[in-house]
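Protein chains in written order, with this note's numbering: chain Z, 1 to 259; chain Y, 1 to 283.
No wet-lab data here; the hints were simulated from the structure.
Treat the hints with care, since some could be wrong.
What the hints assert, rightly or not - So, partial list: chain Y residues that the calculated Cβ filter (under 7 Å) puts toward chain Z: (1) E177; (2) I181; (3) R183; (4) P196.
Claimed, not checked - DMTMM-like cross-link-like pairs, simulated, lysine to aspartate or glutamate; straight-line CA separation at most 20 Å: (5) Z/K231 - Z/D168; (6) Y/K241 - Y/E72; (7) Z/K72 - Z/D5; (8) Z/K72 - Z/E147; (9) Y/K241 - Y/E47; (10) Z/K231 - Z/D176; (11) Z/K72 - Z/E103; (12) Y/K174 - Z/E153; (13) Y/K174 - Z/E79; (14) Y/K174 - Z/D90; (15) Y/K241 - Y/E227; (16) Z/K231 - Z/D221; (17) Z/K72 - Z/E29; (18) Z/K72 - Z/D62; (19) Z/K72 - Y/E177; (20) Y/K241 - Y/E68; (21) Y/K174 - Z/D221; (22) Y/K174 - Z/E71.
A virtual CB, placed ideally from N, CA and C, is assigned to each residue, including glycine.
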Amino acid sequence: MLVLDQLGKTYANGVRALDAVSLALPLGEIVAVVGGSGCGKSTLLRLVSGLDRPTDGTVRLDGEAIAAPHEKIGMVFQEPRLLPWLTVADNVGFGLAALPSGERRDRVAAQLARVGLADKAGVWPRELSGGQAQRVALARALVGRPEVLLLDEPFSALDAFTRADLQDHLLDLWHDAEPTLVVVTHDVDEAIALADRIVVMRPRPGRVAAEIAVELPRPRDRDSAAWDAAKRRVLAALDDAREGRGGARPAEAGAALWW
Amino acid sequence: MGSDAAIPVTETTASGRPRARAGGAARRWRAAALGLVVPVVAAVGWELAVVAGLSDGRLVPPPSRIAETFTELAATGELARHTAATSLRVAAGFGIGALAGTLFGAVAGYSTLARTLVDPTLQALRAIPSIAWVPLFILWLGIFEASKVALIAVGVFFPVYLGVLGAIAAVDRKIVEVGRIFRLSGPAMVRRILLPAVLPSYVVALRAGLGLGWMFVVAAEFMGAGEGLGYLLVDGQQLGKPAQIVAAIVAFAILGKTTDWLLVAATAPFLRWQDVVAHQEAT
Chain Z
1 MLVLDQLGKT
11 YANGVRALDA
21 VSLALPLGEI
31 VAVVGGSGCG
41 KSTLLRLVSG
51 LDRPTDGTVR
61 LDGEAIAAPH
71 EKIGMVFQEP
81 RLLPWLTVAD
91 NVGFGLAALP
101 SGERRDRVAA
111 QLARVGLADK
121 AGVWPRELSG
131 GQAQRVALAR
141 ALVGRPEVLL
151 LDEPFSALDA
161 FTRADLQDHL
171 LDLWHDAEPT
181 LVVVTHDVDE
191 AIALADRIVV
201 MRPRPGRVAA
211 EIAVELPRPR
221 DRDSAAWDAA
231 KRRVLAALDD
241 AREGRGGARP
251 AEAGAALWW
Chain Y
1 MGSDAAIPVT
11 ETTASGRPRA
21 RAGGAARRWR
31 AAALGLVVPV
41 VAAVGWELAV
51 VAGLSDGRLV
61 PPPSRIAETF
71 TELAATGELA
81 RHTAATSLRV
91 AAGFGIGALA
101 GTLFGAVAGY
111 STLARTLVDP
121 TLQALRAIPS
131 IAWVPLFILW
141 LGIFEASKVA
151 LIAVGVFFPV
161 YLGVLGAIAA
171 VDRKIVEVGR
181 IFRLSGPAMV
191 RRILLPAVLP
201 SYVVALRAGL
211 GLGWMFVVAA
221 EFMGAGEGLG
231 YLLVDGQQLG
241 KPAQIVAAIV
251 AFAILGKTTD
261 WLLVAATAPF
271 LRWQDVVAHQ
281 EAT
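Just chain Y, same shape as in the assembly (with noise of 0.2 Å):
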């Protein structure tokens, strides 16, 4: 038809992708190796001035110090048993408070009768210290791992029950009015309209989550654990190991940045419909 030569957007989008895609990634690398120059020229600065004797390096550690004893952890298989301790909890944590978090606020942002029940409630709650629960748990769950995890599950549980909330809150009545033209039930309507829509705001609520996961762990950890990177951080205390402290500290951003990027990756095939732009920005 005549109509549709006057917007060709199809064109366009199809043969201009591979190459905005390739400019794209060199953009990204250059802006990736920009990024590196602070850390590295601090990191190189300091090593310098403790082997030139201006610092002794003692209470902070230079860069060759903390990489000895990162790979001293590595090769003793305590970083990895530490890692992986600390890992299974906040997936623990995380697993639960996401799930948790995701069923209220789907069900409170679906249904106003449930929202006005439970979401004073829960508003109250948030606004305790998560922390404030560590005796409560610790009486409730005992000193070991149910009582951490538990920690980490409300940390996780807030941010993504209100961005949930707040997403289905916002989704479009024009788009759920299509699902009701073609008859949805209640779940079928938020199965198959509310959750696709808010899936991109919910991958950043799941995002926030995780990085508190990450935070709530070192706190369940300095509450008494046998082992986890939490552990070692108040062991280099105790023991006045600062090198093992920026270690797990190291550890710490590893394992909260590949994180994040797994969730980013993961869940990136279910948003390649969003346009490109924002995508390449998600990623």
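The shape of chain Z in the complex, shown without the other chains (with noise of 0.2 Å):
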């Protein structure tokens, strides 16, 4: 169990990113966060992979405070961050230092397999297309085998056939161990995808305006009326959000006014 409980963030400069955000995920559940720019989609998961501190509230994994980044939490971020002098099965198996290097070599060999990219084992990442590179990082977050997933606009770069690619690629690849997984992402679509709950953020300061379950059957077919429902129900709330309207404090009503 993931809790946040009353996570707030205050930058150095004194912007104030996140507010009070509480949620709670079970082992296992896939939550996607979505919202416009500049409502601390990135900064929540900056804290809960123990990144950046949060200025208050805390971040609890099974009981234990998240402060700094921890084993069970893995993390993908918006670009593949592949480090370009290791080879692609030597970026995978860079969290597994610890392990015997017999040992080390299957695993990755495994889950270069698991994400299809087996041949490119001995390829620098330079060679990579940006779907294969955005595989190899999810391959080096899932090798350590955490309990917890953070993807952070993890297909936002790629182009729209190999992200609705990848999208399923991730479900497919989560059966394998069922990780919580958050993904924050600014795409409606791949959030119905991939989620069995939306977060639907509101900006200055971030905050939880609404949680929206999908409950879609899966595989769940991007053509369906029930698609096209929940994905008006999100765009429902995420033009909410984006006017301030139901919730709105008076210090917003007069900041809305100023400009």
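Starting from the two chains in their separate frames, assemble the complex, guided by the hints.
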């Protein structure tokens, strides 16, 4: 169980990026976080990953407070962030340095096969396409068998076909160990394709505006009426959040008048 | 997957590389040959001028006389002895200077506290012309090898220190976060992320340091040495043997270029991951 309790973050420059975000994610749940830019989505992931520390509130994984990167929490960034001086296989095995080399090799090979890149084990990252590189990044995060995998707009830099492909692929990989997934995205279709629950965020400061359960059966049909209905609900919630309607605080009303 | 067909990078690189390499080799040979035109024409021209009696070539010896001196020195074993003495000094000074520069650069680059503590002092020391240390080094370390090696080490230290420090400061934060996500300790972060990331600039810094090492060995040998190529220079000046001076200069050129090439060749295997174009330019 991953629990965010009253999480808030004020950056050194005084910007209040996140305010009182509380969420509870049981093991194996897939949650998508959507919202416009500047609503604290990435900040939220950075706090959960332990890369940044919250100004107030706590992140707890199975009761353990997270204040620094944790071995049970993996992360996939918007860019692949592969290390260019390591081969694909060494990139995937980067976090397994503590394992004996034989076991490391086996796990890397198995994980590379799972992302369909077994034949790329020995090549340099520069020789990969964007989609391949991001799959290597996924393999690098998954090979450590995290309980929680955080994905920060992982497919946003890819073309539409590759993106849909990788979304299906991610769900397939999720079945291997069924970790908790937190996917930050600005793509509503991606959220519906992946998530059990969609958290819609509101900007300035970033807060949770709505939570929408996605109860479509899997595999999900992108052309179904139920998909469209879910999409309309998410878009409506996003629109509400953008307008600042419902739950707008007096201070915000003043701010809105000001500009 | 269909998506991957869109960018068949690997196929192109894999099949295109041998051809590109063969073409590149031919181009490099031609470029090297072209680069030889000016010195060869100048040398042959001067030789002909001396043969024709336009100059006696006493102060500016023609290539044949330099080659004669060179082979004479080589035949008597003098050249080997002086070259070995000079190379050992450079090797020791470069080793110490590069090691210290790397350590200080890495620590100061990694830790803000260390940088704040150490960098201002080192920058102030860097502003001192290194030759100014010579009298002090002689008082401290004597007139023999130790003071010479120390002077070379000082010359090598600063470019290496600055190169490592600057390169570490320029490492992409995004790559460092990958290391943080995998919970690397401080030393592991330096070894597994920072040093590989700075390696290309590090090699450049080492080459600059090595160049200065060869420069400072001459200064060190000028201040009194019984052997070494710098001694040959001084000896040639005092006894009026310009051919010997030029022979020693030629030896310096050959040694400097060879050691630089060795350094590049030794580090090339670690830089294979760089893009091929940049890699070819480096060699």
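Checked hints:
no.: 1; hint: E177; result: 6 Å, holds
no.: 2; hint: I181; result: 5 Å, holds
no.: 3; hint: R183; result: 5 Å, holds
no.: 4; hint: P196; result: 4 Å, holds
no.: 5; hint: Z/K231 - Z/D168; result: 18 Å, holds
no.: 6; hint: Y/K241 - Y/E72; result: 13 Å, holds
no.: 7; hint: Z/K72 - Z/D5; result: 19 Å, holds
no.: 8; hint: Z/K72 - Z/E147; result: 5 Å, holds
no.: 9; hint: Y/K241 - Y/E47; result: 18 Å, holds
no.: 10; hint: Z/K231 - Z/D176; result: 28 Å, violated
no.: 11; hint: Z/K72 - Z/E103; result: 19 Å, holds
no.: 12; hint: Y/K174 - Z/E153; result: 15 Å, holds
no.: 13; hint: Y/K174 - Z/E79; result: 9 Å, holds
no.: 14; hint: Y/K174 - Z/D90; result: 18 Å, holds
no.: 15; hint: Y/K241 - Y/E227; result: 17 Å, holds
no.: 16; hint: Z/K231 - Z/D221; result: 13 Å, holds
no.: 17; hint: Z/K72 - Z/E29; result: 15 Å, holds
no.: 18; hint: Z/K72 - Z/D62; result: 10 Å, holds
no.: 19; hint: Z/K72 - Y/E177; result: 16 Å, holds
no.: 20; hint: Y/K241 - Y/E68; result: 13 Å, holds
no.: 21; hint: Y/K174 - Z/D221; result: 36 Å, violated
no.: 22; hint: Y/K174 - Z/E71; result: 19 Å, holds
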